[in-house]
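**Student:** Spelled out from the first residue to the last, the chains are:
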Amino acid sequence: MPPKTATTIALGLLALGCAALSFFLGPAHIAPASLCHGLFSGQGIDAVIAREIRLPRAALALVVGAALGASGAALQGLFRNPLASPDVTGVTSCAGLGAVVALYFGFAALTPALLPGFAILGALASAAALFVLSRKGVGVMALVLAGVAISSLATALTALALSFAANPYAMSEMVLWMMGSLKDRTLSDLAYAAPLVIVGVALLLSCGRGLDALTLGEEAAQSLGVDVGGLRARVVLGVAMATGAATAAAGAVSFVGLVVPHLLRPFYGHSPARLILPSAMGGALLVTAADIVVRTVDPSEQLRLGVVTAMIGAPFFFWLILRLRREA
Amino acid sequence: MRRAHGCVAILLCALVFAAIPARPAPKRVVSTFLCTDEYVFRLLPRERIAALSFEATDRHPVVSTIADAARGIPAIHPSAETVLALHPDLVVMYRDTMPALHGALAGAGVSVLDVPWANSLSDVGRITLWLGGKLGSAERARNLLAHMDNEIAAARALAHQRPVRTLIYEPNGYATSGGVTDEVMNIADLADVASRLRPTRAATLPVEAVIANAPELLILNGEPDFTNSRAALVQHHPALAALDGRSDVQWMNLTPMLCPGPWSLDLAPKLAALGKQARAKMSR
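So the sequences go chain by chain: G and H. Letter by letter, the first sequence follows residues 1 to 328 in my numbering. Letter by letter, the second sequence follows residues 1001 to 1284 in my numbering.
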């Protein structure tokens, strides 16, 4: 077996192992054997806790992490920019804005599909704006600054929307949408997020070869037969679907899409095609591990998922900027 | 002889105090906080209320028990400017709220009355009488307490069996316990189990803990149709269906508990009725 494939499988197994550990963690202190029995038999309270509470949480951590990891790798390939990721480019914030509008103004109550639907629309809007900017040939730092501007605007609009929402808890929930959480998620959250993330990540995986060609430049890619416009549209759509659905379910979990591809590049090289699937696995591993840390360090869960990922990601982001500066 | 001197001194003091004109009852009262709005509205006639806080009549969402009754009374978002513009002769504030506003009003020479938080029903009685006296509405204060006593009696008439193990579960998973809420529940023969379920330091309980420790009566505080937030979705978690047959799950709007006061006892007979219903269901 090639070492890269073995590494990818190991990442996937580690992520599944973390998910299993996450499944066994909870305030009810149920023995692992009872939980497993409940999961498969469907009998008793243990079954309800296993199926309706623990399973959705563990599975959503995998799904959210995979979405963000794959999106980060694809965006870095598309923009040929090592600083690109769903959160740095404002895609996550705009998805959060869409979800907030859907949830707090009653659209999600009409049909649950509108929650991820609005989040995907928000993600599409920001990804499209960045896409237009990148076509105009703006540099690496300008693209990051544009992402910061989009992200700040989306955060401000989210706060504005929550201020006008007829909901006494709206302002306190700002923290959730800005920091992310998987607490008390349900199977229905998993039911809408998982298929959209799977389709989104599959779309990104299908773009791998095109993104590889794009690393040589647009003209070279076109000469190799790549439809660059179509490729960009598919990447933008894939990122919007995966990140939008993940954010609608968990809020903004930051820095996963930025950190994971960089950590894996030493093992897989700079080819986006090789990096997207491992980044999905690595993202799943990181988010699942972070969710375990959240519950172990602070069982009251006042500590949010995004806080843990940001503690890892923000210093990494600084280091990356310094490194890029040195290289320039 | 000494006794005679003492009597003369007391008589003189009484004459001196009688000669000092009693402070006139305030005519333009502003309340700056939801929980003082509840008191001021009940203790004063409308014409003596210059303004209440916006929360008193807010409908998005309704957080006060006087949202309908207080319509027409000016509502303000309290700031030094909005309060001073009303030329109040007394501003009623909740203790330790809005320190900047408190300082600004004191600096402008406006009388401010700080109402303390009630941690028990005896606090409620004491604060009601004290505030009624300060507002020149002692009679209304006594009436409020008489109404409270009636509600307690009505609840006790309904509640006469063993306490029902009850959990009040709120949006965001908050589990209400302690203070006036517990006393009202006790009057209704409901035993608050929140503290026994070991809530987090943020006073929340995960859905998992609620299911694993099924109370006899689970009261979901709020409106069943309201699902427009993550906070409210916790109360609609599908796993709560596992309580079927183990708990009586009921929705109830507990707005009167938000600010502890005589009005909080309006819920006591309703809670006692819920307890009775739960007891009947669980004994089947």
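Rather than coming from a laboratory, the hints here were simulated on the basis of the structure. One thing to keep in mind: the hints can contain errors.
Said to hold, decoys possible - In silico negatives: residues of chain H with every beta carbon more than 12 Å from chain G:
1. Gly1107
2. Asn1119
3. Asp1123
4. Lys1276
Said to hold, decoys possible - If we take Cβ atoms under 8 Å as the criterion, some of the chain G residues that face chain H in the derived model are:
5. Ala31
6. Ser34
7. Gly42
8. Gln43
9. Ile45
10. Ile49
11. Leu176
12. Leu190
Glycine included, each C-beta is placed from N, C-alpha and C at the ideal position.
**Student:** All the hints need checking, so say for each whether the structure fits it.
**Tutor:** Hint check results:
no.	hint	result
1	Gly1107	29 Å, holds
2	Asn1119	23 Å, holds
3	Asp1123	25 Å, holds
4	Lys1276	26 Å, holds
5	Ala31	13 Å, violated
6	Ser34	11 Å, violated
7	Gly42	11 Å, violated
8	Gln43	11 Å, violated
9	Ile45	6 Å, holds
10	Ile49	5 Å, holds
11	Leu176	6 Å, holds
12	Leu190	12 Å, violated
Hints 5, 6, 7, 8, 12 from the list above are not met by this structure, while the remaining hints are.
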